[in-house]
Amino acid sequence: MPPIALRRWSGCLAFGMILSLFLLASLPLAPARAAGSGSPTLDAVRARGVLICGVAGNAAGFSLPDSQGVMQGIDAEGCRAIAAAVLGDQHKVKFVPTTTENRFTALQSGEIDVLVRETTWTLGREASLGLEFGVINFYDGTGFMVKKSSGVTSARDLDGATICVEPGTSTELAIADYFRVNNMKYTPVEIQDLQEIHNAFLSGRCDAYSTDSSALAGFRFTQGAHAEDFLLLPELISKEPLGPMVRKGDDKWFDIVRWVSFAQITGEEYGVSSHNVDSFANTTNPDIRRLLGLEGGLGKTLGLDDKWAFYVLKQVGNTGEVWNRTMAPLGLPRGLNGLWNRGGLLFAPPIR
Amino acid sequence: MIRPPFRSPSLRWQALGWQALALAAVALIIVTFARNASHHLAARHIATGFGFLREAAPIPIGESLLPYTPSVSSYGRAFLIGILNTLKVAIPGCLLATLLGTLIGIARISPIPLLARLAAVYVEGLRDLPLLLQLLFWYGVFQALPAPRQSFRPLAGVFLSNRGMRLPALAWQSGFGWILLAALAGLGITIVLARRTALSPHRGRRLAAFLPLPLFPALVFAVTRPAIIIEWPALHGFNFQGGMTISPEYAALTTGLVLYTASYVAEIVRGGLISVARGQWEAGAALGLPRAAVLRLIVLPQALRLIIPPMTSQYLNLVKNSSLAVAIGYQDVVSIADTTLNQTGQAIEGIGLIMAVYLTISLGISLAMNLYNARLAQRAR
Numbered sequence: 001m002p003p004i005a006l007r008r009w010s011g012c013l014a015f016g017m018i019l020s021l022f023l024l025a026s027l028p029l030a031p032a033r034a035a036g037s038g039s040p041t042l043d044a045v046r047a048r049g050v051l052i053c054g055v056a057g058n059a060a061g062f063s064l065p066d067s068q069g070v071m072q073g074i075d076a077e078g079c080r081a082i083a084a085a086v087l088g089d090q091h092k093v094k095f096v097p098t099t100t101e102n103r104f105t106a107l108q109s110g111e112i113d114v115l116v117r118e119t120t121w122t123l124g125r126e127a128s129l130g131l132e133f134g135v136i137n138f139y140d141g142t143g144f145m146v147k148k149s150s151g152v153t154s155a156r157d158l159d160g161a162t163i164c165v166e167p168g169t170s171t172e173l174a175i176a177d178y179f180r181v182n183n184m185k186y187t188p189v190e191i192q193d194l195q196e197i198h199n200a201f202l203s204g205r206c207d208a209y210s211t212d213s214s215a216l217a218g219f220r221f222t223q224g225a226h227a228e229d230f231l232l233l234p235e236l237i238s239k240e241p242l243g244p245m246v247r248k249g250d251d252k253w254f255d256i257v258r259w260v261s262f263a264q265i266t267g268e269e270y271g272v273s274s275h276n277v278d279s280f281a282n283t284t285n286p287d288i289r290r291l292l293g294l295e296g297g298l299g300k301t302l303g304l305d306d307k308w309a310f311y312v313l314k315q316v317g318n319t320g321e322v323w324n325r326t327m328a329p330l331g332l333p334r335g336l337n338g339l340w341n342r343g344g345l346l347f348a349p350p351i352r
Numbered sequence: 353m354i355r356p357p358f359r360s361p362s363l364r365w366q367a368l369g370w371q372a373l374a375l376a377a378v379a380l381i382i383v384t385f386a387r388n389a390s391h392h393l394a395a396r397h398i399a400t401g402f403g404f405l406r407e408a409a410p411i412p413i414g415e416s417l418l419p420y421t422p423s424v425s426s427y428g429r430a431f432l433i434g435i436l437n438t439l440k441v442a443i444p445g446c447l448l449a450t451l452l453g454t455l456i457g458i459a460r461i462s463p464i465p466l467l468a469r470l471a472a473v474y475v476e477g478l479r480d481l482p483l484l485l486q487l488l489f490w491y492g493v494f495q496a497l498p499a500p501r502q503s504f505r506p507l508a509g510v511f512l513s514n515r516g517m518r519l520p521a522l523a524w525q526s527g528f529g530w531i532l533l534a535a536l537a538g539l540g541i542t543i544v545l546a547r548r549t550a551l552s553p554h555r556g557r558r559l560a561a562f563l564p565l566p567l568f569p570a571l572v573f574a575v576t577r578p579a580i581i582i583e584w585p586a587l588h589g590f591n592f593q594g595g596m597t598i599s600p601e602y603a604a605l606t607t608g609l610v611l612y613t614a615s616y617v618a619e620i621v622r623g624g625l626i627s628v629a630r631g632q633w634e635a636g637a638a639l640g641l642p643r644a645a646v647l648r649l650i651v652l653p654q655a656l657r658l659i660i661p662p663m664t665s666q667y668l669n670l671v672k673n674s675s676l677a678v679a680i681g682y683q684d685v686v687s688i689a690d691t692t693l694n695q696t697g698q699a700i701e702g703i704g705l706i707m708a709v710y711l712t713i714s715l716g717i718s719l720a721m722n723l724y725n726a727r728l729a730q731r732a733r
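The listed protein sequences correspond, in order, to chains W and H.
So the first sequence is numbered by this note's numbering: it starts at 1 and just counts up by one.
So the second sequence is numbered by this note's numbering: it starts at 353 and just counts up by one.
The hints are simulated quantities; they were obtained by calculation from the structure and are not laboratory data.
No residue lacks a Cβ here, since even glycine has one placed at the ideal position from N, Cα and C.
Where hints are given, some of them may not hold.
[To be verified] Computed Cβ-Cβ distance ranges for the label pairs, DEER-style:
no., chain 1, residue 1, chain 2, residue 2, range
1, W, Trp340, H, Thr712, 51 to 59 Å
2, W, Val70, H, Leu711, 38 to 46 Å
3, W, Trp340, H, Phe385, 45 to 53 Å
[What the hints assert, rightly or not] The following residues of chain W were derived to be distant from chain H, with all beta-carbon distances above 10 Å:
no., residue
4, Ala44
5, Ile52
6, Phe104
7, Thr105
8, Ala176
9, Glu190
10, Ala200
11, Ser203
12, Arg205
13, Pro234
14, Arg247
15, Lys248
16, Gly249
17, Arg290
18, Lys300
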């Protein structure tokens, strides 16, 4: 037992430590913001010089590193387009892999600037998470993949089946509804790690693997020579509009994320691509002149350089180019993801 | 009990004052954090509160001890199922790890070199590999079993496939509850009798102590005569119907946890046994007792006093390690809470619930083990 004086001092010390901890905790969490663009996220990205983008990092077609370690896919390109518009350089992106379960907290806590992670736009998510969807970058639906050897040809044949699904996704909600409505039974196997889900499906632990049909196509594509052993069932049991998410309350940042996407759609509509964007320098078409920042000064109103869309189209390209690089190799038809005047749903409001 | 040295009343009040002040500071910090969090959550329009527990949960759950329908049952019920699933791993896990670990610990000090070496290899092998790796290994092993149509049939009515083990099950009748109760009562009486007669020189008496265990339930069965209906599993469509299942996820998690924890338990048991003075072994041998009897009657009871405290830590570890279930798709409380907080967006509440559950289970184990330890200490000379 230490002498009494020492005990008293240690008591004071403990009290002092707790008091200083308390003072530390009572400091305002966000440092006072210097006069800036009015968007804390935009200011932070500019000050950092790099955009921190939350992606899946393991989904072919959306975000998956290629053999050189470069992140490829429609989500990765979405991140690059925002970096090109904001920082003038599409390479100034730091990709942060997120899981289906930690993606929202990563964005809420400010760990990432934007979440581009094949996330489905639903009312519940937008209303309760403190987050909002900027735009739809992919129109998808929940599908099922089975082994051809199982003899299953329709989702109606899946009564009693064991189904592999990622926890925390809108897929599991869609499946729950579909089986309940059709009065069928199923056993879920829920694994967080995508690789383990794939293993479970391949080993026969599950009769079917369910997620967004595009991700299923991507999965089949990565099976190489065995791709023919798998069948994508014809039914799509839900609407899955995927898009980037930002934090609520930062409207200027929200505008930027949304209009970067619209600029790419407008580019495809007017035939402006990364290959020919320089040739429009002397164009007289007022729509293209406004898009490329040759007149109108619209970039400034967004808080960006007037040539923001030029950088996006020059460095990343328009929606058609992005599609051809990311989704077309998986064998997916353009379908709903085409321009509005070609039977798709891509429709950008006018840039003026 | 060591008494603190004499202290003047004024010093004692001073010390109490400091402690009260420190306590107030801690409380203030907690209140500040809570207020800060709720203020910012409200400012960001993030839903708060525990109201979501009553809402319908669209979480599909693969194995559950309670009736559950996705999109109909509540989040609260899903959570409860998660807790039960965690206990379903933790309780048999602790029991089996203790049993296996004790056997291996005894084997390590065996005079037979081969047995001792094998036990040493087991301990070093399993203790040195990360648990997550072992779980993934066992999950891989159980997945490598054949498909349901080609499943192994080690016994009539038992099917072993990559969907797990399917066993015949007894259809539950209302009379079974009484039989179960009688079996428990029989077990209690057996334990009491076995303790009293353990040192009896009459073999018949020692054996008779175990009679209530089978007799009690048999008697109740003879009186109530409930119908015995066995459900046999049969392949139907994709999978087996009827009977009961042990899923590959559950099997992999329990196997991995038991084998891993047993390696630590073995070392604790070995340490406890070695700490008992050699003279105790020799004294037992001098009385003409066989080695097994010396171990059971003389050495183990003394070693227990050293074994119990570190065993508590191992039980706590096993319970906490069971949260690695997420990696292999077993839906324990963490897995279900993760999905819940993902669907509802209420991360703080979800994490808070997980913490409360683990804290309750851990404190429960600590309390039980401390009580047991105190009883052992009382009997110490």
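Hints, verified against the model:
no. : hint                            : in the structure
1   : W:Trp340 x H:Thr712: 51 to 59 Å : holds, 56 Å
2   : W:Val70 x H:Leu711: 38 to 46 Å  : holds, 45 Å
3   : W:Trp340 x H:Phe385: 45 to 53 Å : holds, 50 Å
4   : Ala44                           : holds, 16 Å
5   : Ile52                           : holds, 19 Å
6   : Phe104                          : violated, 6 Å
7   : Thr105                          : violated, 5 Å
8   : Ala176                          : violated, 4 Å
9   : Glu190                          : violated, 5 Å
10  : Ala200                          : violated, 6 Å
11  : Ser203                          : violated, 4 Å
12  : Arg205                          : violated, 5 Å
13  : Pro234                          : holds, 19 Å
14  : Arg247                          : violated, 7 Å
15  : Lys248                          : violated, 6 Å
16  : Gly249                          : violated, 6 Å
17  : Arg290                          : holds, 34 Å
18  : Lys300                          : holds, 29 Å
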